[in-house]
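Chemist: Single-letter residue listing:
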Amino acid sequence: MREHVRVFVRADDYRAAVEGLPLAAELVDRPSGAVVVIDGRGDWWRAAAAAAADGASALLIAEPVVARPEAVAELAEGVAMPVIVNRARLRHDLVRAAIERRHGMQPRVLVAECTAAATVLPTMVRDSVGWLRELAGGPLRTVSAAVGSTGGTALVRTIDTGLAGTLVITAARLDAGGVLRVQGLGEIRTELELDISMRSATLATSTAEGRLVDPALFETPERASLRRAIDVVTGRDTTRDLDDLRHDVELARDILGGDLARFDNL
Amino acid sequence: MSRGVGVIGAGPGVAALHLPTIARLRERFHVAHLADQGSGRAAELAARLGVAASHGTAALLADPAVDVVAVCSPPAEHARHILDAVDAGARAIICEKPLATTEDDARAVIDACRRAGTVLLVATNHFYDEAWDRAKRHLVALEGEVRTITVAAALPPNDRYHAVVTELVAGAAPARGAPDLTDRELAAGVVRQLVLGLAVHDLPAVRDLARDFQGVDFAAAVPPIGYTIGFRASGVHITLTAVMLPDGPDALWRFTIGTSADRIDVEFPPAFVHAGSATVRVRADDVRSTTYRREPEDGYLREWIALDALIEGAVTVEYHELLDDALFAIRLADAAAETVRRGGAS
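These protein sequence lines map, in sequence, to chains A and B.
Numbered by the working numbering, the letters in the first sequence go through residues -17 to 248 in order.
Numbered by the working numbering, the letters in the second sequence go through residues 2 to 347 in order.
Chain A on its own, in the form it takes in the complex (with noise of 0.2 Å):
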């Protein structure tokens, strides 16, 4: 039988995740050799290094809110440990399935459009962003960004082969949560669509022979993000997830022109 992983969390949803997975995870009462589940709201990035410094043996963010890069990148720098981060818009796992389904072929460009509320337009940019940087298959530059209150446009490129991505920004009095679609266009066509207050994720690959739409993900982000935090303290996965955070959250902040507050609050 193989031994629980530790894992010390206070929210709910997470003790649910623990829960679900009964042969590989155990709750604990203290962070101490745990993976330790930090919720991502308020200054999250110092609660994480309390953790850091306290033994945990791996932090999980749970859907961080948009932070200073500084700041990322100062627990960056900081933490010795691995880091996973769960943003319910930008799974792992719908990730890893949209790349799959390319068979390592490149779009000719990518095109991103996130809607939502002032509130919470900020992290959809950041989460756009994220989209576009898997999806193009490396870090990206901005060429040029135009935003105003209502929203805007913006051109990136892959910094080592300059495929484009064009992020269209809208401020719209939707219900909490927003709508995300992403389409890479070209011989393979990724398109991408999360309704967040819809809960729906589509997923669809269009070639020469056909559409294939993904199966829908019924398994929690907050399950999910848990196995693989177990999977990375393990052995069997590697993350990358604050540097990917810490390379979306100063593109976004380039985008918006510095200022993540700049939306008209709807």
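What the hints contain is simulated information worked out from the structure, not anything from laboratory work.
We put the beta carbon where it would ideally sit given N, CA and C, even for glycine.
The reader is advised that the hints may include incorrect statements.
Partial selection, computed: residues in chain B whose CB lies under 7 Å from chain A [claimed, not checked]:
no.: 1; residue: 153
no.: 2; residue: 223
no.: 3; residue: 229
no.: 4; residue: 240
no.: 5; residue: 248
no.: 6; residue: 249
no.: 7; residue: 250
no.: 8; residue: 262
no.: 9; residue: 286
no.: 10; residue: 288
no.: 11; residue: 346
Please build the complex by placing chain B on the supplied structure of chain A, with the hints as guidance.
Modeler: Same frame as chain A, now just chain B:
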């Protein structure tokens, strides 16, 4: 009464688009004469229909059987052919997009048509698509403020769609080349040509929502043949992205309007086919998502029906709107090309 149409041009846009469309409107139009610049394709198409064929435009424009002139020649020739048709006393002209490739030519053809009272319609089938009317009605009803417009198109070779509407002789549809887009001057020229030949399908609809062109924020050529352009008009942020592919899935052509309250997707069927209108899907702020059915008539049929209404006098030609549409497209094309020349960002 069925009106005789003289078609200038005999490429795939004629053989696989206008001829099948006219055939569906026999009670209103019929092909009377076809002309090319010497390729011989006009004669081959005319022989199938038992009508006259010629080289150049003189014989066609002098043919008494021709009531309506369809200008389907290469874009750089459109203005000249319109002016020739007006001089020959043509009653009505339908011109493939773009109306003209320079501002001077656009003004010249509109002036000529207006002075002669010649009916003129530019064949922008997306604008005539009934789904576009539905989308606009939705915008008016919801009173949302238009904030962004996104057009995304990924197009495989057209011959797969030619094959479902007609039979072309081998070689009638030239293969797409792959220009060297690392050459900025060449890339700028490609982008300009694509704005006037491809993006123009949607620019009248864009201008319907955002009338005053303000400037380009970014523009880049996309390999093998394509573009991505970000610009602003009347405070609305607009992106146009299109790529023409050597192979791949069926065509994607989606026009998305982002408002302060909802998102409206208008998704067009592939070019050339007669599969009905675009579909309209609305994601509203009250968590409803509504998809409207396709209407039976496509934009190709409706633009010819609109021409009929103009000729009948049921509708007035809005020359100033045609001119403003043309100038909008030309200014965007020029600004996008200049931005590409300068490295991609304004």
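Chemist: Give a verdict on every hint.
Modeler: Hint check results:
Restraint check, residue 153(B) versus chain A: the minimum CB separation of about 5 Å is within 7 Å; hint holds. A least Cβ separation of about 5 Å between residue 223(B) and chain A falls short of the 7 Å threshold, and the interface hint therefore holds. With a least beta-carbon distance of about 5 Å to chain A, the hint placing residue 229(B) at the interface is held under the 7 Å criterion. The criterion of a C-beta within 7 Å of any C-beta in chain A is met by residue 240(B), whose closest approach is roughly 5 Å, and the hint holds.
The interface hint given for residue 248(B) holds, since its Cβ lies 6 Å from the closest Cβ of chain A, which is under the 7 Å cut-off. Evaluation of the residue 249(B) hint against chain A yields a held restraint, the C-beta minimum of about 4 Å falling below 7 Å. The restraint placing residue 250(B) at the interface with chain A holds, with a minimum CB-CB distance near 4 Å, inside the 7 Å limit. The criterion of a C-beta within 7 Å of any C-beta in chain A is met by residue 262(B), whose closest approach is roughly 5 Å, and the hint holds.
Interface hint status for residue 286(B): upheld, as the beta-carbon distance to the closest one in chain A is roughly 5 Å, under 7 Å. Interface restraint check: residue 288(B) against chain A, minimum CB-CB distance 5 Å, threshold 7 Å, status holds. Checking residue 346(B) against chain A: minimum C-beta separation of about 4 Å stays under 7 Å; hint holds.
This entry satisfies every hint, going by the numbered hints stated previously.
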